[in-house]
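With the hints as constraints, model all of the structure from the sequences given.
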Amino acid sequence: MGKEIERKFLLNREKWEQLDKPAGKHLRQGYISNDPNKTIRVRIAETQAWLTIKGITIGASRLEYEYEIPLEEAAELLDNFCESELEKIRYEIEYQGKTWEVDVFSGDNEGLIVAEIELLSEEEQFERPVWVNAEVTTDKRYYNANLITYPFKAWAD
Numbered sequence: 001m002g003k004e005i006e007r008k009f010l011l012n013r014e015k016w017e018q019l020d021k022p023a024g025k026h027l028r029q030g031y032i033s034n035d036p037n038k039t040i041r042v043r044i045a046e047t048q049a050w051l052t053i054k055g056i057t058i059g060a061s062r063l064e065y066e067y068e069i070p071l072e073e074a075a076e077l078l079d080n081f082c083e084s085e086l087e088k089i090r091y092e093i094e095y096q097g098k099t100w101e102v103d104v105f106s107g108d109n110e111g112l113i114v115a116e117i118e119l120l121s122e123e124e125q126f127e128r129p130v131w132v133n134a135e136v137t138t139d140k141r142y143y144n145a146n147l148i149t150y151p152f153k154a155w156a157d
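Residue numbers (the working numbering): 1 to 157.
Careful, some of the hints might be misleading.
[What the hints assert, rightly or not] Mimicking DSS-like on lysine-lysine, the simulated pairs with C-alpha atoms at most 25 angstroms apart in a straight line are: (1) K3 to K98; (2) K140 to K8; (3) K38 to K8.
No lab work stands behind these hints, which were simulated from the structure alone.
Have a look at this one:
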């Protein structure tokens, strides 16, 4: 059984901008199914693509199954079966033995930057980098599947 344990955080923009970052990867993704209890996502990351099935999130955990698929088929799925999509640049940053994935969104989610860390258990302790701020793990607005239908630009300040 596949299980994902992930926590999400907002960033301190000033400290993030000052950080010497590795090259980011452009991601394009859409949802074939965007049911709150289960999602089916297609993602393209430059030269690779995946089909991902995720269950309902409980706390910071959910079932997740991910399969690499041919790039051409992923593009066809995005173009023909996904009602809308989002784009972002993902940076992978190693810090204290953990990989942080930082997503800088574009398009209708321009201005949103979210950092995620995958854990082995919900109780696992980890050190936050100085550029990590408030935790938003349980705030459903920050789920990628929700950013498709309720993008960051539509949020009230």
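Hint check results:
Taking the CA atoms of K3 and K98, the gap is near 18 angstroms; set against the 25 angstroms cutoff, the hint holds. Note on K140 and K8: the hinted pairing holds, with a Cα-Cα distance of about 11 angstroms set against a maximum of 25 angstroms. Note on K38 and K8: the hinted pairing holds, with a Cα-Cα distance of about 19 angstroms set against a maximum of 25 angstroms.
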